[in-house]
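Q: For the sequence shown, the working numbering gives the first residue as 508, with consecutive numbering after it.
No lab work stands behind these hints, which were simulated from the structure alone.
Virtual Cβ for every residue (Gly too), placed ideally from N, Cα, C.
Misleading hints may appear alongside valid ones.
As the list claims (entries may be wrong) - As a list, the in silico BS3-like pairs of lysine-lysine whose alpha-carbon atoms are at most 30 Å apart:
1. K861 x K683
2. K664 x K676
3. K591 x K664
4. K861 x K664
As the list claims (entries may be wrong) - Label-pair distances were calculated between CB atoms; the ranges are:
5. T614 x F795: 33 to 39 Å
6. A880 x R520: 36 to 42 Å
7. E627 x R858: 22 to 28 Å
8. R858 x F536: 42 to 48 Å
9. R675 x E844: 20 to 26 Å
10. K591 x S638: 18 to 24 Å
11. E518 x P565: 25 to 31 Å
12. E627 x E844: 27 to 33 Å
13. A703 x R773: 49 to 55 Å
14. E681 x T614: 24 to 30 Å
15. N558 x R675: 16 to 22 Å
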Amino acid sequence: MDEWRAKYNVELRQETWATLWDSLRDSIFARRGIEVSEIGTTWLTRLVGMNAIRPFEPQEVQYIAGRDAFSPAIWQNSQIEGDKRIWSIPLTLDARVIYYWPDMLETAGLDGKTAFQSPEQLQVTLDALCSQAETPWGVTTHLDTLNVQYIATWVWKAGGDFVTADGRKTCFTEPKALEAIEQFYKLYAYMPQQAAPIDTEQLINLFIQRRIAAVMSGPWFTERLRSHLHGSPALAQIRTTLPPGPTFLGGTNLVMLSHTPASSERSAIELIKRLVSRSTQEQFYDSFGMLPVRSDVISNVLASDDPLSSCYMNASLYGRSYPSVVRWGLIEERLVEDFAAIWVDIQTSHRPAKDIIHERLERAAQSLDLILAQ
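Construct the complete structure from the given sequences, taking the supplied hints into account.
A: So, in structure tokens, the structure goes:
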């Protein structure tokens, strides 16, 4: 941070994800303060709906990097459905992949290349792994956006979605989507049986202790594994693969707030250009483990022979993002709440999981549809 302040003469503020939204909101309402910000890709539609950010001109996009510097899958997070304007510039990559112990699969007579290729095959694999691990499968279950990201893979694989293309009606209670969500929650039978929600730290510890055979997680899991298992031969044994459907593809993007003075716009563009430059992207990866978004950097640092990072290269090409509708933030907030509550209900209630899922999601759909139709 100090190096960037001195080198580029810009005022930088470091925020946590827990405080960034509030800081952004304060700047937006005051119409001063933050001028360029990193945001989660799922925040984009909300900020556009608030008229809080301004689009980038085509010549600015070309000057910064050009859209060809990014894969189409990554670039899709820069725009909103039905709007040709470019609202943000990709900065870091995020995706969901499966980490697993290959020796457990081999002992169970399974091939890692095919063991997770479909939801049906995944269940066959987990059945076989019951004899090899205390618990075959693990995902986090606490109140977090991760639940929506995991479930998206199953919903998209089934041909479903969460909301219509025009953003006017939910569709997660349509038969394809509901069946896919039920299929995902059936995996609870293969997970740690405990009353408390599973958080990231617990999931990492259980996996390192080889008490879980396979987990679904994101880039931070790689960094934590490298930290916990530094110098251990066990690290080289772990493998990754794509989940059994289109993987969630997100990350962070850079935006320019609409209150940015005209006199500051050129400096803002220069800052964004430096942040997405090849050298800075490589530095972010080397120093912090942040996955790059530029295709030329991805192919360079996410080596195909690295069992922990190569899978993310494929995710950057074939992943899928949430529907880019203006009220996606509202939909996501409700789903985060209900998906976490479903885990709790399944753990503590004697009711069939199907009834729990249908009841909660139908209630959520009715509530959201009233708002989306306005």
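Q: Against this structure, judge whether each hint is valid.
A: Status of each hint after checking the structure:
Restraint check: the Cα-Cα separation between K861 and K683 comes to about 14 Å, which is no more than 30 Å; the hinted pair holds. For the hint pairing K664 with K676, the CA-to-CA distance comes to about 20 Å; that is within 30 Å, so the pair holds. For a cut-off of 30 Å, the pair hint linking K591 to K664 stands: about 27 Å separates their Cα positions. Between the alpha carbons of K861 and K664 the distance comes to roughly 19 Å, so the proposed pair stays at or under 30 Å and holds.
Distance hint for T614 and F795: a CB-CB separation of about 36 Å, consistent with the stated range 33 to 39 Å. Restraint check, A880 to R520: a C-beta distance of roughly 39 Å satisfies the suggested window 36 to 42 Å. Distance hint for E627 and R858: a CB-CB separation of about 25 Å, consistent with the stated range 22 to 28 Å. In this structure the hint that R858 and F536 lie 42 to 48 Å apart at CB holds, the actual value being about 44 Å.
Take R675 and E844: their Cβ atoms lie about 22 Å apart, and the range 20 to 26 Å holds. Under the hint 18 to 24 Å, the C-beta atoms of K591 and S638, about 54 Å apart, miss the expected range. Restraint check, E518 to P565: a C-beta distance of roughly 28 Å satisfies the suggested window 25 to 31 Å. In this structure the supplied range 27 to 33 Å holds for E627 paired with E844, their Cβ-Cβ distance being about 29 Å.
The given range of 49 to 55 Å is respected by A703 and R773, whose C-beta atoms sit roughly 52 Å from each other. Hint check: E681 to T614, Cβ distance near 40 Å, so the stated range 24 to 30 Å is violated. Taking 16 to 22 Å as the suggested C-beta distance range, the pair N558 and R675 conforms, at roughly 20 Å.
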